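K.L.:
Based on these hints, arrange chain B on the given structure of chain A.
Chains as they are written, first to last, in my numbering: chain A, 1 to 116; chain B, 1 to 117.
Calculated from the structure, these hints are not laboratory results. Heads up, some of the hints might be wrong.
[What the hints assert, rightly or not] With a straight-line Cα cutoff of 20 Å, these simulated SDA-like cross-link-like pairs (lysine to any residue) come out:
{"hint": "1", "chain 1": "A", "residue 1": "Lys108", "chain 2": "B", "residue 2": "Gly111"}
{"hint": "2", "chain 1": "A", "residue 1": "Lys49", "chain 2": "A", "residue 2": "Ser30"}
{"hint": "3", "chain 1": "B", "residue 1": "Lys57", "chain 2": "A", "residue 2": "Asn103"}
[As the list claims (entries may be wrong)] Ranges between beta-carbon positions, derived for each pair:
{"hint": "4", "chain 1": "B", "residue 1": "Phe12", "chain 2": "A", "residue 2": "Glu64", "range": "37 to 45 Å"}
{"hint": "5", "chain 1": "B", "residue 1": "Asn53", "chain 2": "A", "residue 2": "Gly16", "range": "47 to 55 Å"}
{"hint": "6", "chain 1": "A", "residue 1": "Ala1", "chain 2": "B", "residue 2": "Lys57", "range": "12 to 20 Å"}
{"hint": "7", "chain 1": "A", "residue 1": "Thr17", "chain 2": "B", "residue 2": "Thr20", "range": "40 to 48 Å"}
{"hint": "8", "chain 1": "A", "residue 1": "Gly16", "chain 2": "B", "residue 2": "Ala81", "range": "48 to 56 Å"}
Everything numeric in this text was worked out from a predicted model, so none of it was measured. Backbone N, C-alpha and C define an ideal beta-carbon position, used for all residues, glycine too.
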Amino acid sequence: AQSVTQLDSHVSVSEGTPVLLRCNYSSSYSPSLFWYVQHPNKGLQLLLKYTSAATLVKGINGFEAEFKKSETSFHLTKPSAHMSDAAEYFCVVSGNYGGSQGNLIFGKGTKLSVKP
Amino acid sequence: DGGITQSPKYLFRKEGQNVTLSCEQNLNHDAMYWYRQDPGQGLRLIYYSQIVNDFQKGDIAEGYSVSREKKESFPLTVTSAQKNPTAFYLCASRPTGHPPSGANVLTFGAGSRLTVL
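Pulled out of the complex, with its shape left as it was, chain B reads as follows:
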């Protein structure tokens, strides 16, 4: 079945450590997204990528980094510069379509919960 796989599901980090969250999709989608979810705040966009080897900052990119070396993969690194990293992180993907359309549906992974000790 096609879908998005996020790993690990739960991750604990000590202060000052970098951690990387994995996101892999087999949907052949061009666009991939990382969101952060905190209680009562909805989803906030961290980074997105519309094509391999290219990505753009979202609303809360500070303290995070990404790469997009392969179409299927969009890992997110939470760096020590992120002051409050404890959150639920969601990866999503979406087809670009020809022509591109805002009607294209986002497909989400199951999420990764990061806790800073």
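The shape of chain A in the complex, shown without the other chains:
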């Protein structure tokens, strides 16, 4: 069985300060992990994905995430927040077992606010 937990429903940072959005997962198989971003009343856009290659994954808009198997975590970070980063972020886990695409499990989302 798979599950994903986003540890914070809301994170607030000041512009120019670091961003940390936390995600823990549970999976019986070697998972694929994704981060998506959603701006208000829009669809979800892929930020980055992990698929068992390098554990540090770089994405768009300066975001990156590190896969830590021992901690079952896939936290999203950015060194310096920009006002345009204000959005909701979703962590997603997907199984990789053979013969199937695997179910996608979405976290409940973390709303990021950026103060001027």
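P.N.:
The following block gives chain B in isolation, referenced to the frame of chain A:
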């Protein structure tokens, strides 16, 4: 440009009416999905289809119906049996790949917001 088109963007429905949300993709993806989004609940899977003329119930299929007559199209009907239909609905698609892989990325449409009056 390839992508997913959802229409209408906003829809109002009276109680007791069925409504159909359109989802069209030109990405040549085999798999298509419908999700419902409510504040603070993330995305919940309604239905998905991995191939034409076949679809499967997701976690919250009651009160919804779908069809998949063409690869490009996966319309969702919200029926009068759905007791709380006011929500944001997202359609997505994904390549199947050979072999299938959980690493294949979901592409989302811009969403349709349904409000019951």
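K.L.:
In this structure, is the beta-carbon distance linking B/Asn53 and A/Gly16 contained in 47 to 55 Å?
P.N.:
holds, 53 Å
K.L.:
Does 48 to 56 Å hold as the CB distance between A/Gly16 and B/Ala81, or does it fail?
P.N.:
About 51 Å separates the Cβ atoms of A/Gly16 and B/Ala81, which means 48 to 56 Å holds.
K.L.:
Would the hint linking A/Lys49 and A/Ser30 be met if the CA-CA limit is 20 Å?
P.N.:
holds, 14 Å
K.L.:
CA of B/Lys57 to CA of A/Asn103, is that 20 Å or under?
P.N.:
Holds - the C-alpha atoms of A/Asn103 and B/Lys57 are around 12 Å apart, at most 20 Å.
K.L.:
Is 37 to 45 Å a correct range for the gap between the Cβ atoms of B/Phe12 and A/Glu64?
P.N.:
About 42 Å separates the Cβ atoms of B/Phe12 and A/Glu64, which means 37 to 45 Å holds.
K.L.:
Please verify whether A/Lys108 and B/Gly111 have alpha carbons no more than 20 Å apart.
P.N.:
holds, 18 Å
K.L.:
Return holds or violated for the Cβ distance of A/Ala1 and B/Lys57 against the range 12 to 20 Å.
P.N.:
Since A/Ala1 and B/Lys57 have Cβ atoms about 18 Å apart, the given range 12 to 20 Å holds.
K.L.:
Measuring from beta carbon to beta carbon, are A/Thr17 and B/Thr20 in 40 to 48 Å?
P.N.:
holds, 46 Å
Hint check: no violations occur; every hint is consistent with the structure.
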